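Make the full structure from the sequences, and use the hints.
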Amino acid sequence: MKAFDVRQCRILRREELVPGVFSVWVEAGELAEKAAPGQFAQIAVPGKTLRRPISICEIDKARCALRFVFQIRGEGTEILARYEEGRSWDILAPLGHGFELGDCSRKVCFVGGGIGVPPLLEAAKPFGANASAVLGFRTKAAAILLSDFERQGNRVILATDDGSAGFHGLVTGCMPEDCEAVFACGPTPMLRAVAAWAAERGVPCQISLEQRMACGVGACLGCACKLKAEDGGWRFGHVCKDGPVFRADCVLFE
Amino acid sequence: MADLHVNLAGVTLANPLIAASGTFGFGREYGELYPLSTLGGISCKGLTLRERPGNPPPRIAETPGGMLNAVGLQNPGVESFIAHELPWLRQQGTVVIANIAGNTPEEYREMAERLSETDVDMIEMNISCPNVKQGGVQFGTTCEGVTAVTSAVRRSCKKPLMVKLSPNVSDIGEMAAAAEAAGADAVSLINTLTGMRIDIRTRRPIIRNNTGGLSGPAVFPVAVRMVWQAAQRVKIPVVGLGGISTWQDAVEMLLAGAAALQIGTVLFQDPYAPVKILEGLSRFLEEEGLSSVTELTGAVRPW
Ligand SMILES: Cc1cc2nc3c(=O)[nH]c(=O)nc-3n(C[C@H](O)[C@H](O)[C@H](O)COP(=O)(O)OP(=O)(O)OC[C@H]3O[C@@H](n4cnc5c(N)ncnc54)[C@H](O)[C@@H]3O)c2cc1C
Ligand SMILES: Cc1cc2nc3c(=O)[nH]c(=O)nc-3n(C[C@H](O)[C@H](O)[C@H](O)COP(=O)(O)O)c2cc1C
Ligand code: FES
Chain A
1 MKAFDVRQCR ILRREELVPG VFSVWVEAGE LAEKAAPGQF AQIAVPGKTL
51 RRPISICEID KARCALRFVF QIRGEGTEIL ARYEEGRSWD ILAPLGHGFE
101 LGDCSRKVCF VGGGIGVPPL LEAAKPFGAN ASAVLGFRTK AAAILLSDFE
151 RQGNRVILAT DDGSAGFHGL VTGCMPEDCE AVFACGPTPM LRAVAAWAAE
201 RGVPCQISLE QRMACGVGAC LGCACKLKAE DGGWRFGHVC KDGPVFRADC
251 VLFE
Chain B
1 MADLHVNLAG VTLANPLIAA SGTFGFGREY GELYPLSTLG GISCKGLTLR
51 ERPGNPPPRI AETPGGMLNA VGLQNPGVES FIAHELPWLR QQGTVVIANI
101 AGNTPEEYRE MAERLSETDV DMIEMNISCP NVKQGGVQFG TTCEGVTAVT
151 SAVRRSCKKP LMVKLSPNVS DIGEMAAAAE AAGADAVSLI NTLTGMRIDI
201 RTRRPIIRNN TGGLSGPAVF PVAVRMVWQA AQRVKIPVVG LGGISTWQDA
251 VEMLLAGAAA LQIGTVLFQD PYAPVKILEG LSRFLEEEGL SSVTELTGAV
301 RPW
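Sequence lines, in order, name chains A and B.
This note's numbering puts the first residue of the first sequence at 1, with every later residue one more than the last.
This note's numbering puts the first residue of the second sequence at 1, with every later residue one more than the last.
Derived from the structure by calculation, the hints contain no laboratory data.
One should not assume that every hint holds.
Where chain A lies over chain B, by a calculated footprint (3+ residues, C-beta under 8 Å) [stated by the list, open to error]:
{"no.": "1", "stretch": "67–78"}
{"no.": "2", "stretch": "229–242"}
{"no.": "3", "stretch": "258–269"}
Straight line, CA to CA, 25 Å or less: simulated SDA-like cross-link-like pairs of lysine to any residue [what the hints assert, rightly or not]:
{"no.": "4", "chain 1": "B", "residue 1": "158", "chain 2": "B", "residue 2": "83"}
{"no.": "5", "chain 1": "B", "residue 1": "276", "chain 2": "A", "residue 2": "44"}
{"no.": "6", "chain 1": "A", "residue 1": "48", "chain 2": "B", "residue 2": "80"}
{"no.": "7", "chain 1": "A", "residue 1": "241", "chain 2": "B", "residue 2": "35"}
{"no.": "8", "chain 1": "A", "residue 1": "228", "chain 2": "B", "residue 2": "80"}
{"no.": "9", "chain 1": "A", "residue 1": "48", "chain 2": "B", "residue 2": "272"}
{"no.": "10", "chain 1": "A", "residue 1": "48", "chain 2": "B", "residue 2": "210"}
{"no.": "11", "chain 1": "A", "residue 1": "48", "chain 2": "B", "residue 2": "222"}
{"no.": "12", "chain 1": "B", "residue 1": "276", "chain 2": "A", "residue 2": "87"}
{"no.": "13", "chain 1": "A", "residue 1": "48", "chain 2": "B", "residue 2": "217"}
{"no.": "14", "chain 1": "B", "residue 1": "276", "chain 2": "A", "residue 2": "228"}
{"no.": "15", "chain 1": "A", "residue 1": "228", "chain 2": "B", "residue 2": "197"}
{"no.": "16", "chain 1": "A", "residue 1": "226", "chain 2": "B", "residue 2": "276"}
{"no.": "17", "chain 1": "A", "residue 1": "48", "chain 2": "B", "residue 2": "84"}
{"no.": "18", "chain 1": "A", "residue 1": "241", "chain 2": "B", "residue 2": "79"}
{"no.": "19", "chain 1": "A", "residue 1": "241", "chain 2": "B", "residue 2": "26"}
{"no.": "20", "chain 1": "A", "residue 1": "226", "chain 2": "B", "residue 2": "204"}
{"no.": "21", "chain 1": "A", "residue 1": "2", "chain 2": "B", "residue 2": "87"}
{"no.": "22", "chain 1": "B", "residue 1": "276", "chain 2": "A", "residue 2": "8"}
{"no.": "23", "chain 1": "A", "residue 1": "241", "chain 2": "B", "residue 2": "28"}
{"no.": "24", "chain 1": "A", "residue 1": "34", "chain 2": "B", "residue 2": "80"}
{"no.": "25", "chain 1": "A", "residue 1": "48", "chain 2": "B", "residue 2": "193"}
{"no.": "26", "chain 1": "A", "residue 1": "2", "chain 2": "B", "residue 2": "270"}
{"no.": "27", "chain 1": "A", "residue 1": "228", "chain 2": "B", "residue 2": "79"}
{"no.": "28", "chain 1": "A", "residue 1": "241", "chain 2": "B", "residue 2": "203"}
Keep in mind it's a predicted model, so treat the numbers as computed, not measured.
Where is the CB? At the ideal position from N, CA and C, for every residue including glycine.
As structure tokens, this is what we get:
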């Protein structure tokens, strides 16, 4: 069986969650059967040379459907956002190495910042009430997916940079102390802080990274990221194949 | 069905499509999607004498109709390739081309000598990588450079030798002729054109290396012109590449004078592009009543 493949995926449901952020469910056939939380897709944009990497937000194996939540950041994502229900996206998926969830009876913490929140949703599902979802946004109006985490039984802790809702400040200021593992995705400064938080407490931490990509499958070596090497030095790994999810203590932040 | 076989410097390819170096790794990833025997050959990721870490990220930027890359020849080194990649690749039923890059003619020669002891089918010398600062010498941009490095390698290379030419020159025909005179069995062109993009908000180049190599449809007409010019100057086969995305592009490149083709950047948009290009090419040959793809090579009717 192919680990990943290309497929024309019909859009089942499209919704604008907050201005500029879209949620799209697609009919993905066998791609959905293969998908695991934390993996991503490369979505083709007509007229563009490169596909756009977007994380898998939810996997519905029963309906063979995948959910993506993405923000308009430039021309490519803007074109993808215009696709209406019934039309199809050309998707290469599932790609990369996702979250290793381990024992779901442990108390764990999912930490997301902004558009880094969507990739955590599927991963937090099997943990139910054992998972706290610490979700940070710029402001209240930018908050997304809170009710989705609540609906699957996770304890949601909201943080905003401007204090317009929830905890006023950084996510690391409101992470529960009793957690046994941390899973995070968001901007690099946040990931660095979360990784440091976990390291200080000796808690294992996995983080999902981003990098500009061409192939998305490990063939072009375009998406390099610095990783610690066994000999104490460093080496370039690749976000699309070795990641996007890495053990935080293996990543060398610059 | 029309015959798709081509002969490239004594090596028979099942069809004229070769995966371009650096876009296909050592074949394992796209081998997930279709048998690698679909392709006439694979030009492997550029190898250096010793392992290279490559450039810091970002290494990739999209451009109108193409992309820039500055991967910086990240590779495990020639010995690791021979030990860990070649045995598997050899079993895939396709022609294996080792692509090499060095800092000095002696480094190129040493690699060619080592690879001549293995069962690679062919050696492609990349004398034109624009993304490697170290070494300084750009062999590919002067006739003297092309001659020096090609003749050094020729002395030790027992495999068919293909020299990959840089488009960053004023007279591509001269370069092709220099390679032929120094003993090359084939030339391939074009490598990437040096380019640059800048983020207008941060005023930083998007690529950490500042400049990168431009590939994709944007370079296609330049590549067609250069293949046409080179093919008129040399008797050895010319392998055409640069921006080929459709079967129509493939036909056009053959007409310009290419004996075989390489495809790279199009794979990023459509990993199945080789399958589609070959289907289209076969259909075209049937429609045109041609019995062999070789009949297209150089068949352009210039004004
Ligand atoms: C593994 C991975 C998962 C991602 N998951 C999501 C997600 O779930 N939701 C979401 O909204 N965004 C996600 N992103 C970011 C998303 O890929 C970019 O926002 C998007 O590519 C921007 O494309 P554009 O054409 O709109 O922007 P432009 O700036 O016009 O894009 C130009 C080029 O730069 C690339 N690029 C620009 N920003 C980024 C970026 N941050 N990361 C990687 N490439 C970039 C584009 O792919 C394109 O090749 C993810 C990125 C990666 C690497
Ligand atoms: C990501 C990337 C990496 C490349 N690495 C190499 C390389 O290692 N050696 C080489 O000779 N050419 C390399 N090239 C150049 C290609 O082999 C090819 O010459 C060029 O991309 C033009 O063809 P295309 O437009 O079909 O991609 C690379 C190109 C890309 C896009
Ligand atoms: S994008 Fe090609 S190796 Fe990661």
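Distance restraint between residue 241 of chain A and residue 79 of chain B, which requires alpha-carbon spacing of 25 Å or less: OK: residue 241 of chain A and residue 79 of chain B at ~23 Å, within 25 Å.
Hinted pair residue 226 of chain A and residue 204 of chain B, Cα distance within 25 Å: Judged against 25 Å, a Cα distance of about 20 Å means the pair holds.
Residue 276 of chain B paired with residue 8 of chain A [C-alpha distance capped at 25 Å]: Measuring from Cα to Cα gives roughly 16 Å; hence the hint holds.
Hint consistency between residue 48 of chain A and residue 217 of chain B [alpha-carbon to alpha-carbon, up to 25 Å]: Holds. Residue 48 of chain A to residue 217 of chain B sits at ~10 Å (cutoff 25 Å).
Pair hint residue 48 of chain A and residue 84 of chain B, alpha-carbon separation not exceeding 25 Å: Distance of about 35 Å is beyond 25 Å: violated.
Agreement of residue 226 of chain A and residue 276 of chain B with the hint, judged by alpha carbon distance not exceeding 25 Å: violated, 36 Å
Coverage assertion for the stretch 258–269 of chain B with respect to chain A, Cβ distance below 8 Å, three residues required: As far as the stretch 258–269 of chain B goes, the hint holds, because 4 residues have Cβ atoms under 8 Å from chain A.
Given hint residue 80 of chain B paired with residue 228 of chain A - CA-CA distance at most 25 Å: It holds: about 21 Å lies between the C-alpha atoms, which stays within 25 Å.
Hint consistency between residue 276 of chain B and residue 87 of chain A [alpha-carbon to alpha-carbon, up to 25 Å]: At roughly 23 Å apart (the allowed maximum being 25 Å), residue 87 of chain A and residue 276 of chain B satisfy the hint.
Distance restraint between residue 276 of chain B and residue 228 of chain A, which requires alpha-carbon spacing of 25 Å or less: Roughly 41 Å between the alpha carbons, so the hint for residue 276 of chain B and residue 228 of chain A is violated.
Holds or violated: residue 241 of chain A to residue 26 of chain B, with C-alpha atoms at most 25 Å apart: Holds. Residue 241 of chain A to residue 26 of chain B sits at ~14 Å (cutoff 25 Å).
Hint consistency between residue 34 of chain A and residue 80 of chain B [alpha-carbon to alpha-carbon, up to 25 Å]: violated, 32 Å
The structure fails hints 2, 6, 14, 15, 16, 17, 24, 28 (numbered hints given earlier, in ascending order).
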